[in-house]
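First to last, the sequence lines map onto chains A and U.
What the first sequence shows, in our numbering, is residues 1 to 364, in sequence order.
What the second sequence shows, in our numbering, is residues 365 to 639, in sequence order.
Quick caveat, the hints were computed from the structure, so don't treat them as lab data.
All C-beta atoms in this analysis are idealised placements derived from N, C-alpha and C, irrespective of residue type, glycine included.
Only true hints are included.
Every beta carbon over 12 Å from chain U, so not counted as near; a handful from chain A, in silico: (1) Glu-64; (2) Leu-183; (3) Met-357.
As a list, the in silico EDC-like pairs of lysine to aspartate or glutamate whose alpha-carbon atoms are at most 16 Å apart: (4) U:Lys-463 - A:Asp-53; (5) A:Lys-94 - U:Glu-549; (6) A:Lys-101 - U:Glu-549; (7) A:Lys-3 - A:Asp-59; (8) A:Lys-101 - U:Glu-543; (9) U:Lys-463 - U:Glu-526; (10) A:Lys-94 - A:Glu-109; (11) A:Lys-178 - A:Glu-30; (12) A:Lys-76 - A:Glu-151; (13) U:Lys-463 - U:Glu-543; (14) A:Lys-265 - A:Glu-247; (15) A:Lys-94 - A:Glu-124.
Here are some of the chain U residues that sit facing chain A, going by a computed Cβ distance under 8 Å: (16) Leu-532; (17) Gly-540; (18) Val-550.
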Amino acid sequence: MAKVRIEKLNKAYGDAAILRDIDLSVNDGEFVVLVGPSGCGKSTLLRMIAGLDGVTSGDIFIGERRVTNLEPAQRKIAMVFQSYALYPHMSVRKNMTFGLKFSGMAQAEMERRVAEAARMLRLEPLLERRPRDLSGGQRQRVAIGRAIVREPDVFLFDEPLSNLDAALRVSTRVEIAKLHRTLGSTMIYVTHDQVEAMTLADRIVVMNQGRIAQEGKPLDLYYAPANLFVAGFIGSPAMNFFQAQVESVAPGMILLSGPDFATFKAPVGDARIAAGAKITVGVRPEHLIAPAGSGFSLNGSVELVERLGETSYAHVRAGADHPLIAEIRGRSAPAAGDSIVLGAADRDVHLFDAEGMRISAGAA
Amino acid sequence: MRLKPSSLGVHAVLGGYTLLAVLPILLVIMNSFKNRNAIFGSPLSPPTAETFSLIGYAKVLGNAHIGTYFMNSLIVTLGSMGLVLLFGAMAAWALTEYKFRFSTALALFMSIGIMVPIRLGSVAILTMMRKAGLNDTLTALILVYVAQGLPLAIFILSEFIEQIPRDLRDASRCDGVPETRIFFEVIAPLLRPAIATVAVFTMVPIWNDLWFPLILTSSESTHTITLGVQQFLGQYITDWNSVLAALSLAILPVVVIYVVFSRQLISGLTSGAVK
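Pulled out of the complex, with its shape left as it was, chain A reads as follows (with noise of 0.2 Å):
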């Protein structure tokens, strides 16, 4: 158990810069998800947690130690891989004890170790196979049970799950989460896949090019986004955007109008903005409802619409051409080719300025 802090973090292979000034620390215990698209970093920063990738500058602390030039296997930490990376020559129970034997721990102590893992996880019947006997997710049981057995002071998952099919991937998504009620330890998980960042995460760090673009509990993220990416990244479908301008200030309140919406007061809290600026507006596809009096509402028609069974998104065209996804819940789905009018609720309606940052005081 330890927790991980991260200062000034800097990675560049040559002139490009991977990772710029990351600054992150991970509570004891504490389930943290790097999530971003593919090429923002992430990877690279777990991978420099781990030690295999060296540090440009900056300091990784893991407990009270300083392990920015240690060796991977110096610094108490367990990494589990998308390709599983199993040894294929070695038995379940070989793969297990292989990085034990080095340590210089006794038989009988390994023993215990891999006959706990191997009842966490379900895996005694298997123990004398090897990988290639194993099902997909079999394996990935044995890649989290060889970093079990190693009792580490943060566990790294390096996408585990990228390379299951849904089923499997939903099952071993919750088991991951038991173990992390049961271990109670340190993990740092990375993963472009929301879903998971979502369900697994204590606390999501949301990256893009090389920076942290938001850190906090997933919920926040999804009713908060702090910038116009976070939002549009969390969310799916993602978030609609519509430009707009701001035509006149009130206190806590500005006129929004844009080509695509009808013109409305939108409250901004005690937020300063000029008259002039131009806003983006941002929607989730499931706040879009019928309007509701006043606030955010836009007059459209109804291009296909995707029945999914418990829900329907409605892609659809409004104002100057603007393509929007509503998510329409329930048997009433309009058709092709209606008319729609959709609205949002105040508190749905997110408000980012020219620079792609929050402006609106709506928080849930």
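Chain A is fixed; fit chain U onto it per the hints.
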């Protein structure tokens, strides 16, 4: 299995090449079982009841030195092969896995060895061995063959090591496995098919080599089988029965070693081609 016209052509060429390669060997083996007159009378016909004779084998096996020659060949071939595989795999691992100063230059230097035949250095090698006091020893032969075999071995093994997933090395590093053990206990077992491939590529030319035993060994006790056979070839008279019998016998160990490695070899040559 039905063949497409294009692959029919390919198979015709391959079949022709196989015949070209196998027929002389067949001829040697066939004639080794015939008496002297039959060898010259009808060299292309297989032995019959009248022409069958084991005189060549009797002479060869009766020769006091033939066992020594065989033993020398085996020692030199297996010794060189073992060293080439060990050092080749280690060098390939170092050159692909670790980036150090001059690692690229070193890899380039090694690959020059594939392009330049080692026989060009015969005179220098001979002088060197004399000065080192290794003249007329099997050690000299082994050293030369290791030098000869290493470049190709490193080249082939590097390609295979590149194919081993990075994650596996990373996983063992996280597991706290020392680097030498990563090589010997994780990488080397996965290299088995490649090692079999390299073993065969290395072994055959060494076993068949006549040149270096000829210039580096002088006494009977250090002759290899290829050189030993030469004593049956005279300036005026050649004992063809013995020559053919000795050559036939010399094929055997190579075939045995090949069979041992062949299962691995086939999977080695095709691995990566199919998922």
